[in-house]
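Protein sequences, first through last, are from chains A and B. Whatever position you read off the first sequence (first residue = 1), add 1145 for our numbering. Whatever position you read off the second sequence (first residue = 1), add 1145 for our numbering.
Honestly, the hints are just simulated from the structure, not real lab data. One or more hints might be untrue.
Since copy identity is lost for identical chains, a pair holds within one copy or between any two.
[Claimed, not checked] The calculated DMTMM-like cross-link candidates involving lysine to aspartate or glutamate, where the alpha carbons are at most 25 angstroms apart (straight line), are:
id: 1; residue 1: K1463; residue 2: E1173
id: 2; residue 1: K1463; residue 2: D1237
id: 3; residue 1: K1202; residue 2: E1246
id: 4; residue 1: K1460; residue 2: E1254
id: 5; residue 1: K1148; residue 2: D1205
id: 6; residue 1: K1463; residue 2: E1174
id: 7; residue 1: K1460; residue 2: E1174
id: 8; residue 1: K1356; residue 2: E1169
id: 9; residue 1: K1460; residue 2: D1472
Protein chains: 2
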Amino acid sequence: MKKFAVLGYGTVGSGVVELFHRNEAKIEEKAGSPMELAYILDLRDFPDSPYADKFVKSIDTILADKEVTVVAECMGGVEPAFTYLMRCLQNDISVVTSNKELIAQKGAELLAEAKAHSCNCFFEASVGGAIPIIRPLHRCLAANEITAIFGILNGTTNYILNKMLTDGMRFEEALEKAQKHGYAEREPSADVDGHDACRKICILSSLAFGKHVYPESVYTEGIRQITLEDAYAADALDGAVKLIASVIKLEDGRILPAVMPMFVPHENLISRVDGVFNCVEVCGDAIDRAYFTGRGAGKMPTASAVMGDVIEAVKHHKTVFSQFWIDAGTQDFVAGIDELVSGMFIRFEAAQDVEALAQNLSAILIGIGHDEDAMDVIDNACVISVKLNAKERALILDKLNELGMKPAHWMPVMDA
Amino acid sequence: MKKFAVLGYGTVGSGVVELFHRNEAKIEEKAGSPMELAYILDLRDFPDSPYADKFVKSIDTILADKEVTVVAECMGGVEPAFTYLMRCLQNDISVVTSNKELIAQKGAELLAEAKAHSCNCFFEASVGGAIPIIRPLHRCLAANEITAIFGILNGTTNYILNKMLTDGMRFEEALEKAQKHGYAEREPSADVDGHDACRKICILSSLAFGKHVYPESVYTEGIRQITLEDAYAADALDGAVKLIASVIKLEDGRILPAVMPMFVPHENLISRVDGVFNCVEVCGDAIDRAYFTGRGAGKMPTASAVMGDVIEAVKHHKTVFSQFWIDAGTQDFVAGIDELVSGMFIRFEAAQDVEALAQNLSAILIGIGHDEDAMDVIDNACVISVKLNAKERALILDKLNELGMKPAHWMPVMDA
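Isolated chain A, as found in the complex (with noise of 0.2 angstroms):
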């Protein structure tokens, strides 16, 4: 018998418990071994729960018992998560969480102690929800010298510009929209101005490349900015307006993380993600790309998550898994986003005539030695596909405003 324990009865939480109860028989096969829900901390109470029996109000109840052997944190937040956690690990209990924000300040902190003794510390659930993305990078791909990753990582941005071009809606009516499905917070910051999608993007850096990168050293712009007009001109212009999320490996060794709305061309798998779907698309150098697409949150995805970690450590308990990245000290191998080398997609503040833009362009872009046919011209927007340095973007949208063709908006081109 295997005894484990829930933190947090939360909408997580409770997914997990019920997961738990409901597919029992097929989870213990799974892991090998019968097992035992035995305790759920939460300082509410919840006297008519069918698990009131379980639940507890310190971690010292959890930590008391020697038969515990993972605890599986669905809190939310740094405190009093982390705490608990390392107290897990320093009694030899593994941890499960599907905690971020966690993880994204505190991983190498928790992964070196898990690692100091002989436990697991997993967090499949932290990105992309339902989404196996952890594992599959951290293992199945573990030959590949991993190149990029981009990924839509926050399902209630993805949703509200979806929602914008399907409806036809502005953002704070599709914002409004979410908050009404309960896809967005009241407090909706996390995800319109990126925080969460740059957590994930921290935590898939630091697998990825073996450093700790912190949420602090990433790039980071929301959808505030993105008009119906953007999302519009990005779907004549045969692609789509997502926040992405991305790290790329550059020539040096270094890595540029950012978050930040792109247009993304249709031919790419991700612009075709829509609703609170996440994706994310891993570029190696031998797989070339493999995408991962799913619910990134919710009740029960999340907990699949959650509850696939648990049989995962119950299953084997003091195997280590090399799941690990190290806290570098610095963060001077993160690059700034000036450093971003990309196309560019330009909406115009007015309709111009196009004939007249597409020569605009093709001048500039032989002026600068570029590919003057590397573009696609609409009359309020146009996309130029060849790759440019943050001088040459630059260059290319004041010579724009020179000319009277004022720019009201560009976002980079995602190119996998």
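Given chain A, work out where chain B should sit, using these hints.
Quick look at chain B alone, frame taken from chain A:
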């Protein structure tokens, strides 16, 4: 130092050797120990190969070296691969294979032998090439009750179907093109008649439901009957024709695996997966659905999957993973294609009066107690999206024939 060997120096085997040497440092870091590619088994001579000193002609040479931990089989075919891998397992050597034919025929035996010797038998490369699907399905989604799997599991047929639509080619022309590009064999039957996809859905079915499903018990239909008219009509009806390998869990616990062309509505991401890419959609009670997409074949993509398994086998030698199914003795749990419940895509021999067609279809659907609105009609084809059993489908085709609206071809609507 962990020694491993590669059996077969064809496309995949040579890719594994190349990938190991290219990314050796990273691979050893992930495996947690230095590794040595000690032997390459091939009957041919490769005197000019940089690895000429590694080649051996007998499996006995490899088995005699007690330091060999893992053998990666990339020979293809059931024999002698099966005999070789059984002998490896009997000598406490873990095995990795890219051989779908072998696993589809002999998976249960190999897994049982592996378990008996506390070894591992991994086969990530046998389905979906570079796409991590075996491990995610078995491990990350372990807490789910799997309800269905749908996939494009053969890149050759997907390339052909896609080429027909985009370049207006008939099947024969597109096949020729695929052969010219090296995507299809000169003897294309394994691909175009669905046998390759069948082996892969057998492996996924066995893994998801715990009992070995043999290819002989799976309804298998290829794409030779698909015409350019089908491809165009499907596109006009907001979908695509795809060769879908699927398995559905029935209410009584039996499963219905099948390989056949289906109409996939554009809302489903699978319809957007083009060219030689593969995609697997896994449906589960907690995750809803997740999609895994990537290169389904090719030297380095397949090598990536093999090498990922080798790393896992080296790292966890003698930690047996429960990647396990049994030979149930019978195939009683496998339902036949006549139990399929599905919508219908129907293409007609000639263009019809759209209004009359819609009215007739409505009347037929009402007549058998279904919603008359659940359909979409163009002049030479229609999609009925209500779920129909085999009897109802036959009745609809009969009625349409009676009315002189000769159906030329029909296929199920993929519903996931």
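Consistency of the hints with the structure:
no.: 1; hint: K1463 / E1173; result: both (18 angstroms within a copy, 21 angstroms between copies)
no.: 2; hint: K1463 / D1237; result: both (9 angstroms within a copy, 22 angstroms between copies)
no.: 3; hint: K1202 / E1246; result: within (23 angstroms within a copy, 54 angstroms between copies)
no.: 4; hint: K1460 / E1254; result: both (24 angstroms within a copy, 23 angstroms between copies)
no.: 5; hint: K1148 / D1205; result: within (15 angstroms within a copy, 46 angstroms between copies)
no.: 6; hint: K1463 / E1174; result: both (19 angstroms within a copy, 20 angstroms between copies)
no.: 7; hint: K1460 / E1174; result: both (10 angstroms within a copy, 24 angstroms between copies)
no.: 8; hint: K1356 / E1169; result: between (37 angstroms within a copy, 19 angstroms between copies)
no.: 9; hint: K1460 / D1472; result: between (28 angstroms within a copy, 24 angstroms between copies)
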